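Novice: One-letter residues, chain by chain:
There are 2 protein chains.
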Amino acid sequence: MSGSSFGDILLDAIERKRSHVAVGLDPELSLLPPELRSAHGLAEDHDDHAVVACYEEFLTGILETLVDEAAVVKLQIAYFEALGVAGYALYERMVRAANEMGYVVIGDVKRGDIGSTAEAYAKAHLDGTAVHAVTLNPYFGSDGLEPFFRRVREDGKGVFILVKTSNPSSAELQDQVLGSGKTVFEHVADAVNAWGEGTEGARGYRGVGAVVGGTHPEQGAALRLRMPGVPLLVPGYGAQGAKAEDIGRLFDRDGTGAVVNSARAILYAYRTREGDWRDAARQEAAQMREALWRAAGRA
Amino acid sequence: MSGSSFGDILLDAIERKRSHVAVGLDPELSLLPPELRSAHGLAEDHDDHAVVACYEEFLTGILETLVDEAAVVKLQIAYFEALGVAGYALYERMVRAANEMGYVVIGDVKRGDIGSTAEAYAKAHLDGTAVHAVTLNPYFGSDGLEPFFRRVREDGKGVFILVKTSNPSSAELQDQVLGSGKTVFEHVADAVNAWGEGTEGARGYRGVGAVVGGTHPEQGAALRLRMPGVPLLVPGYGAQGAKAEDIGRLFDRDGTGAVVNSARAILYAYRTREGDWRDAARQEAAQMREALWRAAGRA
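In the order they appear, the protein sequences are chains S and C. Residue numbering for the first sequence follows my numbering, beginning at -2 and increasing consecutively. Residue numbering for the second sequence follows my numbering, beginning at -2 and increasing consecutively.
If we strip away everything but chain S, and leave its shape as in the complex, we get (with noise of 0.2 angstroms):
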């Protein structure tokens, strides 16, 4: 099944599109359009199911409005699960719409259990659906990826391990020094690295990927040379802070083998620039997508 390794279907879009871009989908009433919550009854008292309808009208314009800039969707499925089950429906076709518009799909949901329980994970989160990779978290060690890895093999889905985030207290475990000299991040980098062999694509990525916030440039930078054909998925630029020019180096010398995700800042960008909420969000992308293609010395 070389033809649908998840590494071929990430760079494919990569080059397809001429876009690093991986919008992030985290729907939170508060910030959404004005215009949009009058629209669907917002205003005080509300009920999930408006809220629901509403999250449902503003995702799909992001989708829709944003199909020339963005390679890659990333449902935060934390933001859908807060609405209970309306919101885990809405989820699910989510994912489909943004699959059927011509997105990869990464169900960013960071589970992480001990095996028997990961099996039940991989069954709910990829079997059947249109995801073509979920985050993973590696507390538990290989014994807990391995179902997610045996449908990386089998069916072409992928994963991100969670090795170095974004947020401020990234380091209080992950920054922690080994004996042997490594950081905790870059002891499961090499597990990374370890983990996804023979999982290379015709393109010569990988189907386990690794996530890498953009926050940290120069750790950033020599995780990228620690794990080749480990495909990245890098958080933090926008709202958190990274730049285009901080995250270039996370890039291949061919410029690819990463995608950038960033959220508030394209789904409200309404807040800061004129026009239509699509517009604004389209806008955002764009500059986004030059920026990076640039940093990626594409253009």
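Simulated from the structure, these hints should not be mistaken for laboratory data. Values in this document were obtained by computation on a predicted structure and should not be read as measured data. Be careful, since some hints might not be right.
One copy or two, either will do: identical chains are not told apart, so a pair holds if it fits within one copy or between any two.
To be verified - With a straight-line cut-off of 25 angstroms between C-alpha atoms, the simulated DMTMM-like cross-links for lysine to aspartate or glutamate are: (1) K120 to D45; (2) K240 to E271; (3) K120 to E89; (4) K179 to D140; (5) K14 to D44; (6) K179 to E97; (7) K120 to D44; (8) K120 to E61; (9) K120 to D65; (10) K120 to E242; (11) K179 to D249; (12) K120 to E25; (13) K240 to E53; (14) K240 to D65; (15) K14 to E194; (16) K14 to E215; (17) K240 to D140; (18) K240 to E151; (19) K120 to D243; (20) K14 to D140; (21) K240 to E194.
Fit chain C to the supplied structure of chain S, relying on the hints for placement.
Specialist: Here is chain C on its own, set in the frame of chain S:
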């Protein structure tokens, strides 16, 4: 709100039931009693709704039959997510049912993410729910846990943070030795100590607990001493191999402070015991309850 601190809620339940047993709800279709599967028409083809109905009858029966044996119900959300939207709705119904029957309810969700996302997860899994406590992953560090800690301090909710897990490959990351001489899991244990300060209830136990696998008895005993006042959730009993003797040292000198989870060995006890599946589950749980009560020096 001293009367509703999670440490008190948990220790009160242990005393009231004279039980350290947490029953894990990990429903798996292939393991369910054959007569129940037949009754729901689940012989060959089936749809998710029939599976949900079968799970609901089974899990409700388990909750009813264990009410004098188990103090805690731990719902493993992965098995519910594997059924999609209908499974998620079942999770919510089973949480309410367990709470109404007087169990302490732990949502075994093992979430972990950056701060803004953690806020959404905390809203999803604690706010307005009948869940008393959730399990969390420490890889992101404190800013990804703080939204949950706020609910510990303000709402009397509880958390159990992964320290040393029960699975075979837990050593790959957790047993790595830092330059300080501490293992990664000891480093996390010390962080759990710091994070929980000031959340003690009247019985001296905190709202910030730890997951410590029962399959590593020496490490578990040392962790008990290292984290005084930290409630422990101990997986690994039964199907995963930990025995009551191994677990005795995870209790404090008053024979409390820890609850021990067993899922498959209780739920599917009908496979090795005589009689109805309810009776088999109750007998298995009663035996476990007595063995733990003795191991805790209480009988």
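Novice: Hint by hint, say whether it matches the structure.
Specialist: Status of each hint after checking the structure:
Proximity of K120 to D45 under the C-alpha cut-off of 25 angstroms is restricted to the inter-copy arrangement: shortest distance 13 angstroms between copies versus 27 angstroms within a copy. Taking the shortest alpha-carbon separations for K240 and E271, only the intra-copy value of 22 angstroms comes in at or below 25 angstroms, while the best inter-copy value is 65 angstroms. When the C-alpha separation of K120 and E89 is checked against a cutoff of 25 angstroms, the pair qualifies both within a copy, at 14 angstroms, and between copies, at 20 angstroms. With identical chains, the CA atoms of K179 and D140 are at most 25 angstroms apart both within one copy (23 angstroms) and between copies (24 angstroms).
Within a single copy, K14 and D44 get their C-alpha atoms no closer than 38 angstroms, and across copies no closer than 39 angstroms, so neither meets the 25 angstroms cut-off. Proximity of K179 and E97 under a CA criterion of 25 angstroms is satisfied in neither setting, with 43 angstroms inside one chain copy and 49 angstroms between copies. For the identical chains of this complex, K120 and D44 are inter-copy neighbours only, at 15 angstroms across copies versus 31 angstroms inside a copy, given an alpha-carbon limit of 25 angstroms. For the homomeric pair K120 and E61, neither the shortest alpha-carbon distance inside one copy (29 angstroms) nor that between copies (29 angstroms) is at most 25 angstroms.
Proximity of K120 and D65 under a CA criterion of 25 angstroms is satisfied in neither setting, with 31 angstroms inside one chain copy and 34 angstroms between copies. In this assembly of identical chains, the alpha carbons of K120 and E242 never lie at most 25 angstroms apart, being 39 angstroms within a copy and 35 angstroms across copies at closest. In this assembly of identical chains, the alpha carbons of K179 and D249 lie at most 25 angstroms apart only when taken from the same copy (23 angstroms versus 36 angstroms across copies). In the homo-oligomer, the alpha carbons of K120 and E25 lie at most 25 angstroms apart only across protomers (12 angstroms), although the nearest pairing inside one protomer, at 28 angstroms, exceeds that limit.
Taking the shortest alpha-carbon separations for K240 and E53, neither the intra-copy value of 30 angstroms nor the inter-copy value of 50 angstroms comes in at or below 25 angstroms. Only within a single protomer do K240 and D65 lie at most 25 angstroms apart by alpha-carbon distance; the minimum there is 21 angstroms, versus 58 angstroms between protomers. In this homomeric assembly, K14 and E194 never come within 25 angstroms of each other (Cα to Cα): the closest approach is 28 angstroms inside a single copy and 51 angstroms across copies. When the C-alpha separation of K14 and E215 is checked against a cutoff of 25 angstroms, the pair qualifies neither within a copy, at 28 angstroms, nor between copies, at 55 angstroms.
When the C-alpha separation of K240 and D140 is checked against a cutoff of 25 angstroms, the pair qualifies only between copies, where the shortest distance is 22 angstroms, while the shortest distance within a copy is 36 angstroms. Taking identical chains as interchangeable, the C-alpha atoms of K240 and E151 are never at most 25 angstroms apart, the minima being 37 angstroms within one chain and 37 angstroms between chains. In this homomeric assembly, K120 and D243 never come within 25 angstroms of each other (Cα to Cα): the closest approach is 37 angstroms inside a single copy and 33 angstroms across copies. Taking identical chains as interchangeable, the C-alpha atoms of K14 and D140 are never at most 25 angstroms apart, the minima being 36 angstroms within one chain and 35 angstroms between chains.
In this homomeric assembly, K240 and E194 never come within 25 angstroms of each other (Cα to Cα): the closest approach is 31 angstroms inside a single copy and 37 angstroms across copies.
Violated hints, in rising order: 5, 6, 8, 9, 10, 13, 15, 16, 18, 19, 20 and 21; the structure is consistent with all others.
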